Amino acid sequence: MSDFAQHLINGVAAGTIYALVALGYTMVYGVLKLINFAHGDVMMVGTFLGYAVAQQLGYEHQSSLWGVLLIFLAAMAGCAVLGFVIERFAYRPLRDKPRLTALITAIGISFTLSYGFQLDFGPLPGAAPRAFPEVIAPREWLVVGDRAVVIWNWQVISLGIAIFLMVLLQGLVYRTRFGRAMRAVSFDHRTAALMGIPVDRIIALTFMLGSALAAGAGILYAIKDTAIQPLMGLYVGLKAFVAAVIGGIGNVPGAVVGGLLLGLVEEFVVGYSSSSWRDAVAFGFLIVVLLVRPGGLFGSVAAEKV
Amino acid sequence: MSGEVLLQAVQVGIEFGGLRALHGFDLEIRQGDLKGLIGPNGAGKTTAFNLLTGVYVPTHGEIRVCGERVNGRKPHQINRLGLARTFQNIRLFRALTALDNVRVACLSDERPLFTRERIAELRRRAAGRSPVASAMDALNNYVDWWRAILLTPGFQEEEREITRRAEELLRVMGLEHRRDEEARNLPYGEQRRLEIARALGTRPRVLLLDEPAAGMNTREKGDLMVLIRQLRDQFSLGLLVIEHDMKLVMGICEAITVLDHGVTIACGAPEGVRQDPKVIEAYLGDSYLAAHGLQVPARTPTSETPAP
Amino acid sequence: MRSALAAVLTSCALALVGCEKKTSAPPSSAPSGGTAAAPGGTPGVTGDTILIGEVGSLTGSEATFGISTRNAIDLAIREVNAAGGVKGKKIELRVYDNQSKPEEAANAANRLINQDNVLLILGEVASSNSIAMATKAQPAKVPMISNASTNPRVTEIGDYIFRVCFIDPFQGYVMAKFAHDNLKMNKVAVLRDLGSDYSQGLADVFERKFTEMGGKIVARETYTKGSTDFRSQLTAIKRSSPEAIYIPGYYNDIGLIARQARELGITATLMGGDGWDSEKLFELGGSAIDGSYFSNHYSPDDPNPRIQKFIAAYKAAYGSVPDALAALGYDAAMVAVDAIKRAPSFDRAAIRDAIAQTRNFHGVTGSITLDEKRNATKPAVVLEVTKGKTKYVDTIAP
Amino acid sequence: MPAWLRGIMPVVIAIAVLVVLQLLLGDLPFFVYLASIVGVNVILAVSLNIVNGMTGQFSIGHAGFMAVGAYTAGKLSLLIKDVAIAGLPGAVSDQVQFVGTLLAGGIAAAVCGFIVGLPSLRLRGDYLAIVTLGFGEIIRVVVQNLDTFGRALGLSGIPQTSSLFAVWFCVFLVVLVARRIVGSTHGRSLWAIREDEVAAEAMGVDTTSYKVRAFVISSFFAGVAGGLFAHFVPIINPGSFTFVKSIEVVVMVVLGGLGSTTGAIVAAIVLTLLPEALRSLFIQLGGLGAGASLAQKVDQIRMPIYGMLLVILMLVRPQGLFGTREIWDMMPRWIPRPRRVT
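Protein chains in written order, with the working numbering: chain L, 1 to 306; chain B, 307 to 614; chain Y, 615 to 1012; chain D, 1013 to 1354.
Honestly, the hints are just simulated from the structure, not real lab data. Check each hint, because a few of them may be wrong.
Facing chain D, a subset of chain B residues (Cβ under 8 angstroms, in silico) [unchecked claim]: (1) HIS382; (2) PHE393; (3) PHE399; (4) LEU402; (5) ASP406; (6) ALA411; (7) LEU413; (8) LEU445; (9) ASN447; (10) TRP451; (11) ALA454; (12) LEU457; (13) GLN462; (14) THR508.
Keep in mind it's a predicted model, so treat the numbers as computed, not measured. Where a beta carbon is used, it is the ideal one built from N, C-alpha and C, also for glycine.
Generate the whole structure from the sequences, applying the supplied hints.
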């Protein structure tokens, strides 16, 4: 029983990260109808930025409250800029081109970032993994029995942040002018432009928001798994995408539910069946969902306009 | 009005998330018919087309093409039963030449292993879903590809036949001089005509034209009207035309259905429809009627412009 | 239809005829030693230089191994050349990268054999890469010495393939014996890297030997290289409450596994193999890795002057303490040089025989004797990790 | 030329030319190895182009299908290694078995293509990308878990029965198939799907089944490429069929021009030989020290360069080098062009 509880905790912790990354995917997809393949790699860049800032702060300051905030904000700001640059120079020129061109570009950016960071000259970090500093000093939040079940403070913090962000984003999308503009752009960006909505600015802001989210998620991820390396974004990105599709891409609560669900499914398959099939689980799950409910759990398949 | 019934819609309706886009739609097209479908913007005309051609699946009612119930069938299957269409916002294969656009539609009816009739018969007996029929179909398709890959004499002959037919259709639509030009480089009016040529390539018995005259000048419209009539006679078609331009519709159609907010508000001969207050109201709004004391604007159909 | 069928049959028939002709031209892997040896007299030896080749993973997922191997081989050859070379000739080393991929390793070996015409080949670390190279070297009759491929199948490819390290069965046996005899443990869990043949080999042997000794394997779990969350496997392991966990993986993953195990409240001792050997292990594992044991080829704190001299030279050249792969690379190069010295001629067959006769060669990683299966028989050391350092614990002889 | 001859004439010519090449160049091991790698990449690129270029879908899991072919053919070859077909000379028997295993590999990949394609091709284009990617991952996990496939170490000892002739005959076949499909009514239907799926459907083109068929044929040839690969590299393991390999093939197709068969060929040749050439060049120029480290850099920066290449291509020349045209469309007029099929 205690190991069931522990698996549950592990699954939620892993799912939280998927959910946070999936939020960014879903936002960008919602507005641009583009699978931003590079999202996971933007997350990776965020963790390296956080790492660099933490190194600058030095050991004694990095886990103070201000230190933590600074690390998060610096990484998020850096990634927002990166997201802006990517959108402005790689995606915007392609907005009216066939969707495939944008998808290819996204894959290109993903490759450039992840393998570019593997180079070991100049400021680039090289392929070797690095230990991520304990930005949130790990503390046991709840211990059951003789350490049979352990919940750590950062697990609770991550989950709290994920849920908070979900509520915040949902509010942003459905309760604010910006959100209304986003939804209009999502529906039809040409018409939205005719209605006087500054489409370029809305899309750029969405992109920056998504990228900043990715950076935040990345740092939480680095805290959870304690090490970072340039290829880390590929896998997390893919799984988060799967989570977003499972939840219904373009749907904010769907992303969070999809992420948690994926984390739990993976965890329990590994825990109670065979760990060797772990990587196949996510994609098997995806194919099943696409077969049964192509629109995901919370989404619907929109008929193409004729 | 004696031809066989080719297309029949009975009480067809569809809802999108609670919104009734079309409701209780009735239609019948016989061979030799030339009917019109009109209505203000957003009345559900194109939705009706999409339902008839299988792009949308109706939530109510029944659609029959050449006697077969087609609810839920895919557009390409419905097309194969003899229903072809054009699109309001021209949807040509832009990067293909005019000839290739038509050739895509000129699908060969030759089947290498099992005849189409045999497969259709099997399907009918198994009430639509027959694995044997599907397997036969798949085998047919794969063998057909191998014929293309091996370039068998029979296949070469078929290709020549397709090309010949496509060239003939281009000639009928007056596009033979554009044979090898990419569709996107054609002027607007010619693109519209090419779309009709392409639709004719599928050997339809019923042809649905979605605003064929949109964006044309008066002279071109006149030419088109003549052409449409001519096509009906030459290919023994039944025709249904969506048109915004009342003059055009009134000029060529023998019967007209008027839609507003997804509901059929009038139906019948052009003269009757034109007098119908509901139609006038839908087109011109209450205020107009009130201001003019229910005066019906008198319009005469434009005189037929001589053939080119 | 009939003509289509005829076309298919004809083309098949013609294809067969074409293939039959092929027998006059042997496939690419077939003997090329003859052609290579013909023009320049003795292959690999021109004027006053002897050309030897190395294939290594300089880029890709196993780059750190490849680089320290390359460094050490380079160091060995510089030392030999500084001491006057071999038989009056200087040794020149040609290195190709295989991007950590076997097909590239085969390609690189091919290039060394056919283009550069090297006397012999050194390398690789990963067994799949070594096997790929060996399948090119063996038919061409070019001697090859693998420095650190521990999979038994490598030298089974043929009589020109050697290695200077012990093999997986031995290393698995070492840790099984250590756990059972020294640590007196009975319940051990095994966590292996599914994507690594090395990890699979060690884990298989460990499980077998440990069971034979009377111990019990209480849990078997796997992970894949590149994943960073091992909590699900560890929680499953925790359920069986083992005394130790054997994790024959690479240092990259071990650090994270150790941390997450401690975080989940697992107190079992962690054990592993030579894949743990890297400075990075201490950075990634932090204090969680303290008190763990792993088997290795040599111990840097061995006072033996030969070892200390090598460490000093390596440090001077590259600024870091050499890992076991470097030590093995150094030994592989030195065994090759020793064989060239002893061989009566520069003929590849003669060199092969000389390598095969290596007995009690005093290398950095111990005394190397090559057995009839062309594997090195030599002892292994067990190291303990304490406070960011390794400490010598025991030597276990074959 | 009589009609029946037009179908098989190119095959006859190709066989004659390849036999001559085999006799002239077949025993230069390094050349044969390079030519085989290039050939396999050309097959991959041309076959992927059938899906990504002509049909306008987007698969990024081609390496997965290659893996299926490689493992099926390799495993079969290992199983029947010691068996010879009675009544045939040894070498001929080997070649018959080789052809058989290649076909088996191709068919296995085609079956996988069908299974993967059917659900995802009904959906919008970008789902196919994700599902094919996932498929590649699943294949990797399956192989790693099964002892018959040698797990992480892979399969070694597969008879090296491939030859210059075999690889390039397959190259010829895939090109022939691609070209003849393009020139036929089926090819036009694929183009139509690429241009406008809704309109194609309305014109009686069964789009789903066409897409699946294109995908199956493409997978078949990826499987054949894998089978060939397994018979000239000494060891196949999951590391050879990663996501990176899939992307490499995508880059070839995109660079050549989505829809251009000759473009895919040229791009595959260039992208395979260029790193090889640069590496040799640097070592020739700079010797072991500086040259080798430069050569090492070539390998390192290959991946980020591929990434940037994709981005820059999409921004500057999204149609790739050749667009949808073939190489002869770009040559001066006086060079005779291949006749159109009709």
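These are the hints, each one checked on the structure:
{"no.": "1", "hint": "HIS382", "in the structure": "5 angstroms, holds"}
{"no.": "2", "hint": "PHE393", "in the structure": "7 angstroms, holds"}
{"no.": "3", "hint": "PHE399", "in the structure": "4 angstroms, holds"}
{"no.": "4", "hint": "LEU402", "in the structure": "6 angstroms, holds"}
{"no.": "5", "hint": "ASP406", "in the structure": "6 angstroms, holds"}
{"no.": "6", "hint": "ALA411", "in the structure": "4 angstroms, holds"}
{"no.": "7", "hint": "LEU413", "in the structure": "5 angstroms, holds"}
{"no.": "8", "hint": "LEU445", "in the structure": "12 angstroms, violated"}
{"no.": "9", "hint": "ASN447", "in the structure": "6 angstroms, holds"}
{"no.": "10", "hint": "TRP451", "in the structure": "6 angstroms, holds"}
{"no.": "11", "hint": "ALA454", "in the structure": "4 angstroms, holds"}
{"no.": "12", "hint": "LEU457", "in the structure": "4 angstroms, holds"}
{"no.": "13", "hint": "GLN462", "in the structure": "5 angstroms, holds"}
{"no.": "14", "hint": "THR508", "in the structure": "5 angstroms, holds"}
In this structure, only the earlier hint numbered 8 is contradicted, and the remaining ones agree with it.
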